[in-house]
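Residue numbers (full-length UniProt numbering), protein chains in the order written: chain A, 1 to 119; chain B, 1 to 119.
Source of the hints: derived by calculation from the structure; they are not laboratory data. Don't take every hint at face value.
[What the hints assert, rightly or not] Which bits of chain B does chain A cover? Going by a derived footprint, with three or more residues having C-beta under 8 Å, they are: (1) 10-20; (2) 51-64; (3) 91-103; (4) 106-112.
[As the list claims (entries may be wrong)] Some chain B residues flagged as far from chain A (calculated, every beta-carbon gap over 12 Å): (5) Gly29; (6) Ala33; (7) Ala39; (8) Arg43; (9) Tyr47; (10) Ala74; (11) Ala83; (12) Thr84; (13) Gly88.
Cβ coordinates follow ideal geometry from the N, Cα and C atoms, glycine included.
There are 2 protein chains.
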Amino acid sequence: MSMAPGDLPPKDAVAVIFVSQRTEADEAGYERAGAAMAALAARQPGYLGMDSARGADGLGITVSYWADEASARAWRAHAEHAATRDVGRARWYDSYRMIATRVTRAYDWHRAAAPDTPD
Amino acid sequence: MSMAPGDLPPKDAVAVIFVSQRTEADEAGYERAGAAMAALAARQPGYLGMDSARGADGLGITVSYWADEASARAWRAHAEHAATRDVGRARWYDSYRMIATRVTRAYDWHRAAAPDTPD
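All chains, please: the whole structure from these sequences, using the hints.
This is the structure in structure tokens:
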């Protein structure tokens, strides 16, 4: 899952970095809850986007981007999110850490389309 | 790859979020360069740690943590790092974005060891 290409969080946006180590339990439940949380986050005020990746070793990183500290905190306090976090501690995660940050600068790069088709 | 458990970047540390979409080219060269860059980064002044994950869809997130803006910028300008970035644009990445941030708060959680062995 990734923030739309070309979208960059503006200076002073909040980026919340969530690094987690999965247990091997309940993959189906975890996937369902992850999709539900992503959809719910996207409907919250101040939501800017999300990037997420998990490797075969079970280590995952999700970064969610928020307009300001208030919207990031409101998402953290959202009742459904908090309930899912409880399930995460009970079943899905061996450990995690959360690092809240403020964006100072951002840029992106995209490969130019190859001129591989004749006119 | 992950920052050591229990290690958290302090307030005002710099977290550099690198989100990239891999091409399918040159997996061996990419893996070699990634390991070399991780080892080189770890020897730089101000390096605090790194978290990295890449999913089967080729989307990867690497977060490197630095003591301050100066050490993060010095790593960005490091000649060997810059040369590897050029190879990355030529071969390994379809797109990427880099988001530099400053840490405002952090916490972690670890599953308690299960009392599953009798005394």
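Hint by hint, here is what the structure shows:
Under a criterion of three residues with beta carbons nearer than 8 Å to beta carbons of chain A, the stated coverage of the segment 10-20 of chain B is upheld, 4 such residues being counted. Only residues whose beta carbon comes within less than 8 Å of a beta carbon in chain A count, and the segment 51-64 of chain B has 10; three or more means the coverage holds. For the segment 91-103 of chain B, the assignment as covered by chain A holds, since 11 residues bring a beta-carbon within under 8 Å of that chain's beta-carbons and 3 suffice. Coverage of the segment 106-112 of chain B by chain A holds [criterion: at least 3 residues with CB-CB distance below 8 Å; count 6].
The claim that Gly29 of chain B is not at the interface with chain A holds, since no C-beta of that chain comes within 12 Å of its own (minimum 17 Å). Residue-level check passed: Ala33 of chain B sits 17 Å from the nearest beta carbon of chain A, beyond 12 Å. Consistency note on Ala39 of chain B: stated as away from chain A, and its beta-carbon is indeed over 12 Å from all of that chain's, at 18 Å minimum. Distance check on Arg43 of chain B: its Cβ is at least 22 Å (rounded) from any Cβ of chain A, clearing the 12 Å threshold; non-interface status holds.
With 12 Å as the threshold on Cβ separation, the claim that Tyr47 of chain B sits away from chain A holds: the shortest Cβ distance comes to roughly 16 Å. No beta-carbon of chain A is positioned within 12 Å of the beta-carbon of Ala74 of chain B; the least distance is around 16 Å. With a least beta-carbon separation of about 16 Å from chain A, Ala83 of chain B lies farther than 12 Å from that chain, consistent with its non-interface assignment. Even its closest Cβ contact with chain A, about 14 Å, leaves Thr84 of chain B beyond 12 Å, as expected for a residue assigned away from the interface.
With a cut of 12 Å on Cβ distances, Gly88 of chain B falls inside the contact zone with chain A, its closest approach being about 9 Å.
Hint compliance for this structure: hint 13 alone is broken.
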